[in-house]
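Trainee: Next come the chains, spelled out residue by residue.
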Amino acid sequence: MDGTSRLNRRGFLTRISAAGGALLLGGCDQLSQSPTFRDFLSKAEGATQRLQRLALSSRSMAREYSASDLSANFKANGSTNVENPIYQTHVAQGFSNWRLRIDGLVERPTELTLDELRLLPSRTQITRHDCVEGWSAIGKWKGAQLGPLLQSSGLKPEARYLVFHCADTLGLGAPYYESIDLIDAFHPQTILAYDMNDTALPVPHGAPIRLRVERQLGYKHAKYVMRIEAVSALAMIGGGHGGFWEDRGYEWYAGI
Amino acid sequence: MDAQSRDAKDDAVAQSDVIYRHTLPVRVTHWVNVLCLLVLLMSGLQIFNAHSRLYFGNRSDPEHAVLVIRAVQKEDGTPAGLTTIGNLTFDTTGVLGLSNGGDGQLEPRGFPSWITLPSYRDLATGRRWHFFFAWMFVLNGLAYLAYSLSSGHLRDDLLPTRPQLRDIGHDILEHLRLRFAKGEEAKRYNVLQKLAYLAVVLVLLPLVVLSGLTMSPGLDAAFPFLLDFFGGRQSARTIHFLCATGIVLFVIVHVLMVLVSGVWNNLRSMVTGRYRIEPAE
Numbered sequence: 001m002d003g004t005s006r007l008n009r010r011g012f013l014t015r016i017s018a019a020g021g022a023l024l025l026g027g028c029d030q031l032s033q034s035p036t037f038r039d040f041l042s043k044a045e046g047a048t049q050r051l052q053r054l055a056l057s058s059r060s061m062a063r064e065y066s067a068s069d070l071s072a073n074f075k076a077n078g079s080t081n082v083e084n085p086i087y088q089t090h091v092a093q094g095f096s097n098w099r100l101r102i103d104g105l106v107e108r109p110t111e112l113t114l115d116e117l118r119l120l121p122s123r124t125q126i127t128r129h130d131c132v133e134g135w136s137a138i139g140k141w142k143g144a145q146l147g148p149l150l151q152s153s154g155l156k157p158e159a160r161y162l163v164f165h166c167a168d169t170l171g172l173g174a175p176y177y178e179s180i181d182l183i184d185a186f187h188p189q190t191i192l193a194y195d196m197n198d199t200a201l202p203v204p205h206g207a208p209i210r211l212r213v214e215r216q217l218g219y220k221h222a223k224y225v226m227r228i229e230a231v232s233a234l235a236m237i238g239g240g241h242g243g244f245w246e247d248r249g250y251e252w253y254a255g256i
Numbered sequence: 257m258d259a260q261s262r263d264a265k266d267d268a269v270a271q272s273d274v275i276y277r278h279t280l281p282v283r284v285t286h287w288v289n290v291l292c293l294l295v296l297l298m299s300g301l302q303i304f305n306a307h308s309r310l311y312f313g314n315r316s317d318p319e320h321a322v323l324v325i326r327a328v329q330k331e332d333g334t335p336a337g338l339t340t341i342g343n344l345t346f347d348t349t350g351v352l353g354l355s356n357g358g359d360g361q362l363e364p365r366g367f368p369s370w371i372t373l374p375s376y377r378d379l380a381t382g383r384r385w386h387f388f389f390a391w392m393f394v395l396n397g398l399a400y401l402a403y404s405l406s407s408g409h410l411r412d413d414l415l416p417t418r419p420q421l422r423d424i425g426h427d428i429l430e431h432l433r434l435r436f437a438k439g440e441e442a443k444r445y446n447v448l449q450k451l452a453y454l455a456v457v458l459v460l461l462p463l464v465v466l467s468g469l470t471m472s473p474g475l476d477a478a479f480p481f482l483l484d485f486f487g488g489r490q491s492a493r494t495i496h497f498l499c500a501t502g503i504v505l506f507v508i509v510h511v512l513m514v515l516v517s518g519v520w521n522n523l524r525s526m527v528t529g530r531y532r533i534e535p536a537e
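Going line by line, the protein sequences match chains V and S. Using our numbering, you'd call the opening residue of the first sequence number 1 and step up by one each time. Using our numbering, you'd call the opening residue of the second sequence number 257 and step up by one each time.
Hints were generated in silico from the structure; no laboratory data involved. Check the hints yourself; a few may be wrong.
To be verified - Computed spacing ranges between beta-carbons, pair by pair:
| no. | chain 1 | residue 1 | chain 2 | residue 2 | range |
| --- | --- | --- | --- | --- | --- |
| 1 | S | 510 | V | 83 | 48 to 58 Å |
| 2 | V | 38 | S | 398 | 18 to 28 Å |
| 3 | S | 394 | V | 235 | 27 to 37 Å |
| 4 | V | 11 | S | 508 | 43 to 53 Å |
| 5 | S | 362 | V | 107 | 56 to 66 Å |
Just so it is clear, CB atoms sit at the ideal spot from N, CA and C, and this is done for glycine as well.
Next comes chain V alone, as it looks inside the complex (with noise of 0.2 Å):
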């Protein structure tokens, strides 16, 4: 075999596998866009959320961390401000007329003032925000706890989510708004955090309150919550799979 027929043919097999590999990512790309697919691939959210529930007890507590770690860069992401003209009176009026508002599957809905809210039982906790994106920053939070709070507004009993209204929007003008189930709604860490490292929740981090839900990742901490409401399915909602995010292909449970 001379030297230019070898050529050829190493020039020839690389050609078929860079065609092979093209074919094979785009098959892939394919199979990524097919909804048939894709529905295929998250039943391993489905075994996901099973075994981490399995493993979590109701009391199984995320990490708390000591002053010493604070991040001193949190970074802020998503929406760092709401541009309507309500919330920008809200922010310059210090949220004096800012009111919560829980209802829904509740016997009694109710709103609540700022002050309200710092009057009734809370938490703080340093603890460890993990984006989906990857990275981390550890922060110091204080808020209501949202157990006892749903428990004067009286949950009906056919409520199985809480859903939160927040005042920002996301990409083309679409509003953020994110569920929890009760698990997590009870579970002791889960707060409305209205202070952040001992100052009020600045608003590139959601004021006047964040949902902070220490065992999922960084898009299910709603920020700007303006409204909580109990319901009994999420289909109704938004697009219907629970969050902004989720209506957008990420996990519902996001435990991992």
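Given chain V, put chain S in place with the hints provided.
Mentor: Relative to chain V, chain S alone:
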């Protein structure tokens, strides 16, 4: 082919010994593992690309990153991909930091599109692939371990014998000359094979799973010792990446050794189980 040469060929086959090398469970779990590791690597790099930096400890403080892959604008205005490991920075334009996206245009991305799953930027879908195949990988690995422990595969085939360990120096030299065992000695794994397989099966693969699980805020609450074992969530992420790198290096050496020590014989043995032993000289 005439009668004479056919006879000669039959003789050659008769002289070389064909043994049953790989049992069915080993063969099945091997190929399931190949599929899982390929998908996990490519979807893992998609996930990595969402934040193409690595750290040690619990926090990701930008100033303490140990690996940074990023796109920058050079002084003359042209874009470039830079990779920084510790204090060393390399221009990796075209591969890391800045490479061709699906439309053929240069775009900022950690790893290039030909090695991520999906090829385009889509963290949510990368996660779906990753966690589905992670489940498959773990169940497959547990099945393999259960079989290997109960059948004696681990003890009989993978644990090096004392004489083998004593002669390890000789084995290394033979490997460097690409000379492989024949005859009786070829019926079992050599000592370097055994140690490599054991290290992968008992250290590298369990570590990649555990470090992956340590990135889960849920499992960190259920099993807090995971955080202490790896030294924090960001350490676990870095170790996960290093384990994946180790697996890639192992696979490269593994495939090279298959290629130089009789590719068809090796492939056949992992498909049908039958492995031909070269007669000793």
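Trainee: Hint by hint, note whether the structure agrees.
Mentor: Structure-based check of each hint:
1. Range check, residue 510 (chain S) to residue 83 (chain V): about 56 Å between beta-carbon atoms, so the 48 to 58 Å window is met.
2. The hint said 18 to 28 Å for the Cβ distance between residue 38 (chain V) and residue 398 (chain S), and at roughly 26 Å that hint holds.
3. The hint said 27 to 37 Å for the Cβ distance between residue 394 (chain S) and residue 235 (chain V), and at roughly 31 Å that hint holds.
4. Distance hint check: the CB atoms of residue 11 (chain V) and residue 508 (chain S) are about 23 Å apart, inconsistent with the given range 43 to 53 Å.
5. With their beta carbons about 59 Å apart, residue 362 (chain S) and residue 107 (chain V) fall inside the hinted range of 56 to 66 Å.
Taken one by one, the earlier hints fail for this structure only at number 4.
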